[in-house]
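Line order of the protein sequences matches chains A and B. If you're matching positions, the first sequence starts at 0 in the numbering used here and goes up one per residue. If you're matching positions, the second sequence starts at 19 in the numbering used here and goes up one per residue.
There could be a bad hint or two in this list.
No farther apart than 20 Å at their CA atoms in a straight line, the calculated lysine to aspartate or glutamate pairs in the DMTMM-like style are these [to be verified]:
#, chain 1, residue 1, chain 2, residue 2
1, A, Lys-439, B, Asp-64
2, A, Lys-418, B, Asp-268
3, A, Lys-431, B, Glu-83
4, A, Lys-439, B, Glu-224
Since the hints were made in silico from the structure, they are not lab data.
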Amino acid sequence: MTTKEGSAGGKRISTPIIIAALAVVAVVLLAVLFLAQRPPTPTPPKVAVIRFAGWSAGETEMKSYQKMISLFQQQNPDIIVKYEVITQMFSENILASYAAGAAPDVFYLDSAWAPIFIEKGAVYPVGDKLPRDFVDQFYPFLLEPFKGPDGKLYGLPKDWSVLSLFYNKKLFAQAGVPEPTEAWTWEDLFAAARTIYQKTGKPGLVIHAEFNRWLPYLLSNGAPPPVFSSGADAAYFDNAAVKSSLTRFIELFQQGRKEGWIVIPADVNTGWSGEAFGKQLAAMTIEGSWMIPYIVDQFPDFKYGSDWDLALIPRGSAGRATMAYTVALGVNSKTENLDAVLKFIMFIQGPEGQRELVVRMGHTLPSIKTLASDPELWPSHAKELGFVEKYDRVQVFFYGPKTGELEGKFAQVLGAAVKGEISAQEALELLKEKVAESFKS
Amino acid sequence: MNFFEKSKRLEALVFLLLTLYPLTLNFFFGYFSMLFAFALSAFEWDILTPMKFVGLKNYQEMLSEIVHGVEMLVSSPRMLHLRAPFFNGLKNILLYTAMVVPTQTLLALVLAAVANQRVRGAHFFRVAYFLPATTCPVIISLIFIWLFMRDGFVNYLISPLTGGFKPDWLRDPNFLLPAIALVAIWGTSAHFFVTFLAGLQALPREVYEAAKIDGAGVLARFIYITIPLLKPLVTYVVVLGTIGALQMFDLAWVMAGAGGGAGGAGYTVALDIYNTAFVQLRYGYAAAKAVLLFAIIFTLNYYVQKKLAFGRVT
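Produce the complete structure using the sequences and hints provided.
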């Protein structure tokens, strides 16, 4: 280490070291001065730069967004849109960016996360600023997750997906079971699944052990829509219709899993039910619209119409229900370019934007009502949209401020239940505990 | 000042300049982050609103969770992962550490001893043994998921030895944690193998020659000469291995998922900290759990280093 002894034996710092240290300081100061005085990048006068963040749904979607952004910028030369794709852990990234004061101006806002952002004042109530006739274009039930406790609208759905019954026509034919019809009840579905397994050796139904996938069964058998806004709402699981339908479904699942005609995706060595259905490892599944482009892309020889088809989710004693999933474009409440942002979201979420990004892409369904009859809509999507009016209830995936957290906790409990680790009664108790626990803090 | 004194000062200056950059990085991304976590543990923070000082409330809640976990472990162990996930994570990570650390240390030592032999192909074996350490844990986990399938390669190898029994490694709670441990052992023993190999090559040959002359066999030389002389390195490997094992996140995330997989068998403290922070949006509480993990790691390593006296060659 540096000694402090000079050549005369005293405590002196030598000249070379002083010179070196001064040189380092001088270089650092020069660098700082240089960077501080660097002229800003020349931009046209009064140009608003807005940052738009979304998750990746594939290269094709990213290219479509780039195309629409370029078109928007041509029409609005005073606005520059910087498109940022966050490939992993989207919501966590957005939250971290809020903490850093660097959140984007516009970003995807999932219905499960929307209540948190709304409650914390992180998103702007765009409904106050958008024209009434623009907002009225959208399906009203899709707006519910994005309404705050103050009744204001904090986002418009950019697209949506709905649960439908997907069935493998070949396996049905092989088992000699008639295909699903509008008159099908849940009992018909379970009977068909059992028969298909007996005749073909393949499970008749593959379905995730997730609360949102099971809700159509509960709702169609008289259960009320779940709303969890406080610990007291754990009493939802004390409701007679909820208890009886959930108990029945769990016990049926446990028994069916033992017999082999109903499985979770992991039982057939797949990651999700779309993969199981695409690989033709099961005859039916209840999944969302996102499965359609997945099958087209991953299993191109498994054709819609000839090999598989869509049907309504069966009816229960209290009617027919399905789930809807939607994502809005949330606007950062601290955005400095509100007018530019509003123009952008009206363009992207308006008919022109949705036609390119949603209708032609085919990943999801258009959230604007008039696009349901667009000639470029995929036939499978058109069929799903045609089903919507036949449901007595379209329940949006939104239980309240803790939707995302509760869904994860419920999935753990229901997963344990279908594997027989806990009984249906214990599952109900645990579900109540999870609600109470989530609101304890 | 003579030539040698001048060059020593220059060397010192160069040392300072070269270490300034990594020290700065270490300060901001290491020490500052750690100190911030300690401070954050006294607050309730959901990242979207200002922090709220709560004092020791997070620690109080954590202690209640642990007490509740102990009660569940005694009264209803099959529901432990559903009712007391944090305690389940603690239990799992301690079990995992107990499985991984001794095994990886012993395996690394044996591999190093084998690779240290002056035989044809020794270089090839050294490279082959070290290759797992160069791989990305996430990619390896994905590959092992495939290998561990019911009808996968691992069961193909072991089923003759188990009389046809094929464990469901990833979906049976009794086998999930051992499966994750096996992947960890495979990767980290390669890393520590290099450490031991370097240590073995620095050992004095004369001691071995003397032992050979005295008639000591290979095993006796390994047990009575190699291991005692490598005690400082063994301490180092055990300490590092324990630190790494207790903080394990990536393998559990890929092989078991955010929920810990079948029966919560793959749920770890790190996963619980992640869920508390990013799913429940309780960053302060997550920081408190991280502080507890730090305390466990610190205490265990203090015990290993000071009480077991492995560091001293006797």
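Here is how each hint holds up against the structure:
Between Lys-439/A and Asp-64/B the CA atoms are separated by roughly 15 Å; this keeps the pair inside 20 Å, and the hint holds. At roughly 26 Å between alpha-carbon atoms, Lys-418/A and Asp-268/B are farther apart than 20 Å, so this suggested pair is violated. Between Lys-431/A and Glu-83/B the CA atoms are separated by roughly 18 Å; this keeps the pair inside 20 Å, and the hint holds. The suggested pairing of Lys-439/A with Glu-224/B is violated, with an alpha-carbon distance near 68 Å, which exceeds 20 Å.
In summary, the numbered hints that this structure violates are 2 and 4.
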